[in-house]
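Keeping their order, the protein sequence lines are chains A and B.
For the first sequence, full-length UniProt numbering begins at 1 and goes up steadily by one.
For the second sequence, full-length UniProt numbering begins at 1 and goes up steadily by one.
Keep in mind the hints are simulated off the structure, nothing from the lab.
Where a beta carbon is used, it is the ideal one built from N, C-alpha and C, also for glycine.
Please note that the accuracy of each hint is not assured.
[Unchecked claim] Stretch by stretch, here's where chain A covers chain B in the computed footprint (C-beta under 8 Å, at least three residues):
#, stretch
1, 248 to 256
2, 262 to 270
3, 304 to 317
[Said to hold, decoys possible] Restraint-style ranges between C-beta atoms, simulated for each label pair:
#, chain 1, residue 1, chain 2, residue 2, range
4, B, Leu-177, A, Ala-218, 26 to 34 Å
5, B, Leu-49, A, Gly-36, 56 to 64 Å
6, A, Ala-30, B, Val-355, 58 to 66 Å
7, A, Ala-37, B, Ala-307, 56 to 64 Å
8, B, Arg-183, A, His-176, 56 to 64 Å
9, B, Leu-362, A, Pro-251, 49 to 57 Å
10, A, Asn-45, B, Arg-183, 23 to 31 Å
11, A, Gly-225, B, Ala-270, 36 to 44 Å
12, A, Gly-28, B, Ser-180, 28 to 36 Å
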Amino acid sequence: MNHPADAGEGLRAERVRREAGGRLILDGVAITPPPGATVGLLGPNGSGKSTLLRILAGLLAPDAGVVTLDGNALAGLGRRTVARRIAVVDQHAVTQVDLSVLDVVRLGRIPHRRAWSAPGRTDEDAVAEALRRTGLTGHAGQSWHTLSGGERQRVQIARALAQQPRELLLDEPTNHLDIQHQLDLLALIADLPVTSVVALHDLNLAAMFCDRITVMKAGRVVAGGTPVEVITEELIADVYGVGAVVTPDGPDGRPSVRFLPRR
Amino acid sequence: MSTGNRTAARPEPGARERGTAPPVFGPGPSRHGARLAVPLWTGGILLLLASVAVAVTIGPARISVPDVRSVVAAHLGFGDSGLSPIRDGIIWNLRMPRTLLAAVCGAGLAVCGTVMQSLLRNPLADPFVLGVSSGASTGAVVVVVLGVGGGAVSLSAGAFVGALLSFALVLLLSHTLGGSTDRVVLSGVAAMQLFSALTSFVVMTSADAEQTRGVLFWLLGSLSGVGWSEVVLCSAVLAVCLVICLAHARTLDAFAFGQDAAAALGVNVARTRIVLLCATALLTAALVSAAGAIGFVGLVLPHAARALTGSGHRRLLPVTALAGAVFLVWVDTLARTVLDPQEIPVGVVTAMIGVPAFVLVLYRTRSTS
Numbered sequence: 001m002n003h004p005a006d007a008g009e010g011l012r013a014e015r016v017r018r019e020a021g022g023r024l025i026l027d028g029v030a031i032t033p034p035p036g037a038t039v040g041l042l043g044p045n046g047s048g049k050s051t052l053l054r055i056l057a058g059l060l061a062p063d064a065g066v067v068t069l070d071g072n073a074l075a076g077l078g079r080r081t082v083a084r085r086i087a088v089v090d091q092h093a094v095t096q097v098d099l100s101v102l103d104v105v106r107l108g109r110i111p112h113r114r115a116w117s118a119p120g121r122t123d124e125d126a127v128a129e130a131l132r133r134t135g136l137t138g139h140a141g142q143s144w145h146t147l148s149g150g151e152r153q154r155v156q157i158a159r160a161l162a163q164q165p166r167e168l169l170l171d172e173p174t175n176h177l178d179i180q181h182q183l184d185l186l187a188l189i190a191d192l193p194v195t196s197v198v199a200l201h202d203l204n205l206a207a208m209f210c211d212r213i214t215v216m217k218a219g220r221v222v223a224g225g226t227p228v229e230v231i232t233e234e235l236i237a238d239v240y241g242v243g244a245v246v247t248p249d250g251p252d253g254r255p256s257v258r259f260l261p262r263r
Numbered sequence: 001m002s003t004g005n006r007t008a009a010r011p012e013p014g015a016r017e018r019g020t021a022p023p024v025f026g027p028g029p030s031r032h033g034a035r036l037a038v039p040l041w042t043g044g045i046l047l048l049l050a051s052v053a054v055a056v057t058i059g060p061a062r063i064s065v066p067d068v069r070s071v072v073a074a075h076l077g078f079g080d081s082g083l084s085p086i087r088d089g090i091i092w093n094l095r096m097p098r099t100l101l102a103a104v105c106g107a108g109l110a111v112c113g114t115v116m117q118s119l120l121r122n123p124l125a126d127p128f129v130l131g132v133s134s135g136a137s138t139g140a141v142v143v144v145v146l147g148v149g150g151g152a153v154s155l156s157a158g159a160f161v162g163a164l165l166s167f168a169l170v171l172l173l174s175h176t177l178g179g180s181t182d183r184v185v186l187s188g189v190a191a192m193q194l195f196s197a198l199t200s201f202v203v204m205t206s207a208d209a210e211q212t213r214g215v216l217f218w219l220l221g222s223l224s225g226v227g228w229s230e231v232v233l234c235s236a237v238l239a240v241c242l243v244i245c246l247a248h249a250r251t252l253d254a255f256a257f258g259q260d261a262a263a264a265l266g267v268n269v270a271r272t273r274i275v276l277l278c279a280t281a282l283l284t285a286a287l288v289s290a291a292g293a294i295g296f297v298g299l300v301l302p303h304a305a306r307a308l309t310g311s312g313h314r315r316l317l318p319v320t321a322l323a324g325a326v327f328l329v330w331v332d333t334l335a336r337t338v339l340d341p342q343e344i345p346v347g348v349v350t351a352m353i354g355v356p357a358f359v360l361v362l363y364r365t366r367s368t369s
């Protein structure tokens with residue numbers, strides 16, 4: 001209603017406020033990921049990144065403010081409708097169930113299937129495509145429990161892709177991975193034809209792979225823009241309280257961060 | 001298991017039609033496609049029918065399978081069985097309801113166990129994890145020993161009320177404590193301890209030796225002396241709950257990675273949980289009030305069935321139900337014949353067979369967890 005012209009596309013959060021246990025977790029947060037872009041969500045521990053992602057996914061309701069999907073309030077859409085549009089990847093997926101890679105990726109079809117129905121051709125096609133895109137086709141029969149941390153995250157991304165989302169929300173997906181797998185995973189995410197919002201800790205990785213960066217501090221958005229605009233020595237000092245030298249030495253002149261020892 | 005198609009990136013077009021087999025990618029729970037499911041179900045149903053027919057013939061009175069068939073036919077209105085009224089009575093009024101109730105209890109307990117394990121993400125969950133069986137015991141003991149209801153209330157009715165009270169207490173407690181799945185399990189354990197203590201207290205202080213023996217037999221689970229009314233009631237509840245659980249099969253799959261992951265896959269977690277908890281509690285309460293707390297079926301059978309079909313609930317639930325039914329038919333047959341004329345509580349036999357089976361299942365799956 002407020003934005004008849006520009007509210008049409010994608011996911012948008014406005015004035016989002018959330019309290020937990022008497023503490024303000026999010027305070028008037030607004031974020032509008034441009035459709036198709038990879039948006040990095042940066043900020044220290046406890047700055048509200050995970051809470052914001054959960055609210056964007058509709059898993060948590062904001063105390064105030066609104067999240068809209070193509071102009072419709074997320075809260076008014078059914079859970080299944082949301083799950084067909086927005087997929088979520090957590091930092092650490094745990095299961096006790098004995099599942100194969102294929103089983104896990106097929107979970108992504110649940111929001112598209114009806115009760116009683118067997119998976120149909122479109123389901124199997126979506127699963128095959130998700131496996132192909134994540135390079136897991138040859139691993140479909142492998143047991144989840146024999147996979148490495150990097151492979152598990154890749155499988156979770158394949159599962160998310162099987163949902164055929166237009167928005168993908170990832171909460172520190174590279175947290176438990178070695179550097180090679182971090183790079184591979186982020187390259188994969190940046191290459192996906194979806195709007196992705198990725199919570200990250202590593203400023204250099206964010207600068208390398210994200211189109212846009214949103215920085216949070218104590219429940220507020222304190223900066224937003226391209227990596228060059230956002231990742232500066234002043235911002236790092238302000239948000240993280242550490243000294244750093246930022247040079248344009250990254251790929252395509254993107255910022256490269258070198259931290260200074262604390263005095 | 002089949003590794004032949006492991007590298008097949010894309011399965012044959014013919015194998016991909018709706019409702020037919022998903023691509024076989026090699027080892028893993030998906031190895032048993034729908035291709036295998038149809039023979040599995042038909043085989044399971046035939047096995048169950050054969051088990052019931054044969055189990056009815058076993059016992060002190062010599063009876064043959066054709067006898068069973070003609071008696072069943074006669075009572076369904078197809079001609080005359082030609083058997084003496086006594087033999088007819090043994091088949092139709094004693095062994096038939098008992099064997100059928102064994103099948104219903106086995107199926108129901110196994111299905112409840114499967115649903116609980118998936119929903120609560122706890123491989124140790126069973127139908128009794130919500131304290132339903134101990135609540136039922138207390139209800140039964142209060143009726144039998146203390147004489148509450150003055151004889152107008154049956155043991156079954158007392159057990160049923162006790163079971164539902166216990167379940168309500170668990171729900172209330174877990175909700176107060178935060179409502180997460182581990183709180184549900186802990187509340188169930190707490191309720192179980194409380195009601196077991198109450199049962200012991202009543203038995204110790206008020207029961208005579210005869211009552212104690214009766215209560216103990218019932219606590220361990222027993223199918224002796226059941227009639228058609230129990231069979232009809234439990235079958236009806238089982239049918240309703242089975243339909244509810246099967247309708248949630250897809251949803252139960254979504255819980256593999258936890259409640260949040262399920263919610264992100266479009267599942268209404270709170271509603272699903274309350275519907276399934278209520279359905280399984282109701283079914284368990286009905287079964288326990290008819291046959292006592294038959295342990296281990298609900299714990300072991302789901303694990304065994306999973307080893308057979310994989311973890312997809314659309315296949316797992318029917319197979320678990322059939323496996324549980326066949327299992328308990330035979331275990332009950334053992335329980336009533338092995339020490340003939342004395343009868344062993346069926347729960348004792350399920351535990352004696354179930355524990356080694358449980359260890360075997362855990363041993364076979366040890367590498368994966």
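Beta-carbon spacing of Ala-30(A) to Val-355(B) - inside the hinted bounds 58 to 66 Å or not: holds, 59 Å
Using C-beta distances, would you say chain A covers the stretch 262 to 270 of chain B, given that this needs three or more residues below 8 Å? n = 6 at 8 Å, threshold three: holds.
Please test the hint of 23 to 31 Å on the beta carbon pair from Asn-45(A) and Arg-183(B). At 26 Å between Cβs, range holds.
Hint check for Ala-307(B) and Ala-37(A) - Cβ pair distance inside 56 to 64 Å: Violated, since Ala-37(A) and Ala-307(B) (Cβ atoms, about 46 Å apart) do not stay within the stated range.
Confirm or reject the claim that Gly-28(A) and Ser-180(B) have a C-beta distance inside 28 to 36 Å. Given a distance of about 30 Å, which is inside 28 to 36 Å, the answer is holds.
In terms of beta carbon proximity below 8 Å, does the stretch 304 to 317 of chain B have 3 or more residues touching chain A? Since three or more residues must qualify, the claim that chain A covers the stretch 304 to 317 of chain B holds, with 5 doing so at under 8 Å.
So does Leu-362(B) sit 49 to 57 Å from Pro-251(A), Cβ to Cβ? Holds - the Cβ-Cβ distance for Leu-362(B) and Pro-251(A), about 51 Å, lies within 49 to 57 Å.
Is the gap between the beta carbons of Arg-183(B) and His-176(A) within 56 to 64 Å? violated, 27 Å
Beta-carbon spacing of Leu-49(B) to Gly-36(A) - inside the hinted bounds 56 to 64 Å or not: holds, 59 Å
Can you tell me whether the CB distance of Gly-225(A) to Ala-270(B) sits inside 36 to 44 Å? holds, 39 Å
How does the coverage statement for the stretch 248 to 256 of chain B fare against chain A, requiring three or more residues with Cβ below 8 Å from a Cβ of that chain? holds (count 7)
Taking 26 to 34 Å as the hint, is the beta-carbon distance of Leu-177(B) and Ala-218(A) inside that range? Holds, since Leu-177(B) and Ala-218(A) (Cβ atoms, about 31 Å apart) stay within the stated range.
In this structure, the earlier hints numbered 7 and 8 are contradicted, and the remaining ones agree with it.
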